[in-house]
Amino acid sequence: MNRDVYVIGVGAHPFGKHGVPVGDMADVAGMAALEDAGIKFPDVDRLYNGYIAAGGMMTGVTFAKEFGLTGLPVVHVENASATGSTAFQEAVLSVAGGNAEIAMALGFDDMNRMGGMMAAGFSRPSIDTVLLPAAFFAMWAVRRMHDNGTTVETFAKIAAKNWNHARSNPIAQRRSDHEVTPEEVLASTMISYPHTSMMACAAGGGAACALVASEEVVRRLGDSRPKVKVLASQQQSEQYTKGHVFMGAVIGPSEMTRTTAQAAYEEAGLGPDDLNFVHVHDAFPIEELMYYELLGICGDGEGDKLVAEGATSLGGRIPFSPDGGLTARGHPGGPTGLAQVWDATQQLRGESGDRQIPDARIGMCHMVGAGSVSVVHLLARSD
Amino acid sequence: MAQIPVEDGYMIIPNEKGKSVRLVGSYSPEADESFFPRRRRCPITGGPVEDVEFSAVGTLYSWTFLHVPRMGLVPFAQDGGYGVGQVDLPEGPRIQAVIEGDMGDWEIGMKMRTKAYKIAEDKEGNELCGFCFEPEVES
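Each protein sequence line maps, in turn, to chains A and B.
The numbering used here numbers the first residue of the first sequence as 6 and each following residue consecutively.
The numbering used here numbers the first residue of the second sequence as 510 and each following residue consecutively.
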């Protein structure tokens, strides 16, 4: 990056199936981020809206009018599940490149509206009848079980961990009133063998927002809290691999996560051992298991051991999805990647309450988006 | 009435006994790789590609059984679900499609045969077909 970029404010509207209009949620998240940063909307130079199913054309720019008619450039970003992460990256790059002093990334959506939209898109008989991502990730899982002897209990342990992480997250969609056990996860309805409903990400509505700014702005604002610096911002699309699947709504080769993370590590000049926590696209537990290895947290084939040791739970060596992840915090679509930034920023500031990771200094936010793309950000506490 | 592909350019349905349904893709002489579905150009080299008719039988790479509705039109198994698999064809491409059968019918590494299945019907009563795979019966 040409110049340093900092996260100066974050905000969110709780995720869930609460039926709150998307425009209302976007407004709550945006205003919360502005308040968190201690700035007003006229201070924002560029706005990147991230949404998939929230509405048709004009939605983002229409919502922006509620913040004020300041004439700033407004852009709609869409990259499937990685929409929020991509909006965040665009905001980061606009500041890094000197095109903005303060940029806003605002994600809002309601995944429950997507069913109708997608069904309408595929109502004409076609050869490319889209297979659900649930099928694709389940096939990762079945192959993993075949190759490595991974058990369904391992998948259940990962999901239970994320349910329990979400219990103290005020914006989480799934906030269990009791400690969730792997047995409970396994006993829930089968969705796509070997994944059960409690292993599948929570689909609902929500909004999340992050404001990024230059060092000069940070100095001027004089916020006494720890600063949160963006150490790396990387995105990749698919590269050809043997057995490449072209047809269907799929997440491409899993290696895409490895190469995107490597690029991020190189940009930041650090490695996986430097991380204190990680957010990943854990739409299903097989993903989190494989990302332990693809992100370099452990060697290939050693992810199961990490789960058995509890290393990725809060209190463990390297907590994954400390806010509950897609599994339990939820996955509304557009705001998901920004909810990771929301949590990571609070972790790095030491504001995460019961789920605070002691002395958290460096965190990773990883998402993949169908089509497909992989996005990795590294954020650090910068005293 | 005949079975015909619901869209051109993806598959050949011979409609003759003893002849198999074949998928059609692209072969890149430069990269010596094959792709499905057809590509406008080689995704590796950017060079020209030519049409290739793939073998009908491949190897099951992975599978799952879904209990949730599929987007689009679905041939449901008797208990309301359906199988999905990834099949590696001998020429290289990995094909993701519906697979016939039920839980317990599939094993990674087993042979799977390309098959046409009815998605819709045209005005003349022809079956408009997509493709799926079925476990190959050893003769």
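In short, the hints are calculated from the structure, not lab data.
There could be a bad hint or two in this list.
Some but not every residue of chain A turned toward chain B, in silico, with C-beta under 10 Å [what the hints assert, rightly or not]:
| id | residue |
| --- | --- |
| 1 | Ile44 |
| 2 | Lys45 |
| 3 | Phe46 |
| 4 | Ile132 |
| 5 | Ala139 |
| 6 | Leu191 |
| 7 | Ala192 |
| 8 | Thr194 |
| 9 | Ile196 |
| 10 | Pro199 |
| 11 | His200 |
| 12 | Tyr245 |
| 13 | Lys247 |
| 14 | Gly321 |
Label-pair ranges, simulated between beta-carbon atoms [said to hold, decoys possible]:
| id | chain 1 | residue 1 | chain 2 | residue 2 | range |
| --- | --- | --- | --- | --- | --- |
| 15 | B | Asp631 | A | Met63 | 34 to 40 Å |
| 16 | B | Glu562 | A | Gly315 | 22 to 28 Å |
| 17 | A | Asn104 | B | Thr568 | 47 to 53 Å |
Quick reminder that beta carbons are idealized off the backbone N, C-alpha and C, glycines included.
Against the structure, the hints:
About 42 Å separates the beta-carbon of Ile44(A) from the nearest beta-carbon of chain B, more than 10 Å, and the hint is not met. Among the interface hints, the one on Lys45(A) is violated; its C-beta lies about 43 Å from the nearest C-beta in chain B, farther than the 10 Å criterion. Given the 10 Å rule on beta carbons, the hint for Phe46(A) is violated: about 38 Å separates it from the nearest Cβ of chain B. Interface hint status for Ile132(A): upheld, as the beta-carbon distance to the closest one in chain B is roughly 4 Å, under 10 Å.
Interface hint status for Ala139(A): upheld, as the beta-carbon distance to the closest one in chain B is roughly 6 Å, under 10 Å. Nearest Cβ of chain B to the Cβ of Leu191(A): about 15 Å, over the 10 Å cut. The hint is violated. Given hint, Ala192(A) at the interface with chain B, is violated; its Cβ is 15 Å from that chain's nearest Cβ, farther than 10 Å. At a threshold of 10 Å, the smallest CB-CB gap from Thr194(A) to chain B is about 7 Å, leaving the interface hint in force.
For Ile196(A), the suggested interface contact is upheld, since its CB lies about 6 Å from the closest CB of chain B, less than 10 Å. The closest approach between the C-beta of Pro199(A) and any C-beta of chain B is roughly 8 Å, which is under the 10 Å cut-off, so the hint is satisfied. Given hint, His200(A) at the interface with chain B, holds; its Cβ is 8 Å from that chain's nearest Cβ, closer than 10 Å. Residue-level restraint check for Tyr245(A) holds (minimum Cβ-Cβ distance to chain B is 5 Å; threshold 10 Å).
For the restraint placing Lys247(A) at the interface with chain B, the shortest Cβ-Cβ distance is roughly 7 Å, inside the 10 Å limit, so the hint holds. Here the hint on Gly321(A) is broken, as its CB sits about 30 Å from the closest CB of chain B, past 10 Å. In this structure, Asp631(B) and Met63(A) meet the distance hint of 34 to 40 Å, their C-beta atoms being roughly 39 Å apart. Take Glu562(B) and Gly315(A): their Cβ atoms lie about 52 Å apart, and the range 22 to 28 Å is violated.
For Asn104(A) and Thr568(B), the hinted distance range of 47 to 53 Å is satisfied, since their beta carbons lie about 51 Å from each other.
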